[in-house]
Amino acid sequence: GAVVSQHPSRVICKSGTSVKIECRSLDFQATTMFWYRQFPKKSLMLMATSNEGSKATYEQGVEKDKFLINHASLTLSTLTVTSAHPEDSSFYICSASPTDLNIQYFGAGTRLSVL
Amino acid sequence: AQTVTQSQPEMSVQEAETVTLSCTYDTSESDYYLFWYKQPPSRQMILVIRQEAYKQQNATENRFSVNFQKAAKSFSLKISDSQLGDAAMYFCAYKHNQGGKLIFGQGTELSVKP
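Chains as they are written, first to last, in the working numbering: chain A, 1 to 115; chain B, 1 to 114.
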């Protein structure tokens with residue numbers, strides 16, 4: 001099956017620093033990638049949709065200047081949390097959608113802890 | 001706007017028994033997809049099963065099957081011969097055809113008793 005690699009799996013950083021999370025589709029080209037945030041025992045909340053070669057589309061209430069998304073190639077999208085604060089601590093998950101746009105494959109997630 | 005509702009926050013099943021997880025959705029579209037995803041303690045989202053709205057036949061994947069009632073906008077998941085490894089959070093999701101984002105339900109936490 002299709003594999004999506006997400007790195008790092010866990011990151012701890014100091015308040016005010018920036019953190020970059022990578023999402024790679026290993027065995028298919030992903031024209032569209034998605035970034036989610038998930039709180040404990042809660043559902044996935046879509047943050048933004050990333051299309052290769054164009055600007056990301058952010059969901060209402062998500063600060064685009066704080067959560068920078070870059071989708072520079074058909075296999076890589078990155079999420080950068082800028083000037084991280086403790087309230088940004090969460091579980092972030094990416095997914096990628098291949099040519100068959102009606103399936104999303106998920107990365108294993110990144111647990112971000114901001115001290 | 002489309003919505004997905006899972007009315008069972010928690011469910012429990014005895015090992016080897018059958019359990020059904022409920023999901024209802026609301027949409028004015030006629031062409032869409034429905035999914036069940038499993039999220040075990042590792043938190044890796046795993047696709048369990050997919051149903052195309054235009055297909056009347058219910059999708060099945062080994063021990064997993066769905067009961068898709070389009071008119072009632074219901075999409076339940078049946079797990080037969082439950083195994084300990086089935087313990088996880090299960091999410092129902094909707095997606096309009098030809099692009100569009102996944103819309104998730106609130107999730108149902110399934111526990112399997114030995």
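Accuracy of the hints is not assured; some may be wrong.
Restricting the straight-line Cα-Cα distance to at most 30 Å, the calculated cross-link-like pairs of lysine-lysine (DSSO-like) are [as the list claims (entries may be wrong)]:
id : chain 1 : residue 1 : chain 2 : residue 2
1  : B       : LYS78     : A       : LYS41
2  : B       : LYS70     : A       : LYS42
3  : A       : LYS64     : A       : LYS20
4  : B       : LYS70     : A       : LYS14
What the hints contain is simulated information worked out from the structure, not anything from laboratory work.
Going down the list of hints, with the structure as the test:
1. LYS78(B) with LYS41(A): holds (22 Å)
2. LYS70(B) with LYS42(A): holds (27 Å)
3. LYS64(A) with LYS20(A): holds (14 Å)
4. LYS70(B) with LYS14(A): violated (50 Å)
Hint violations for this structure: number 4 only, all remaining hints satisfied.
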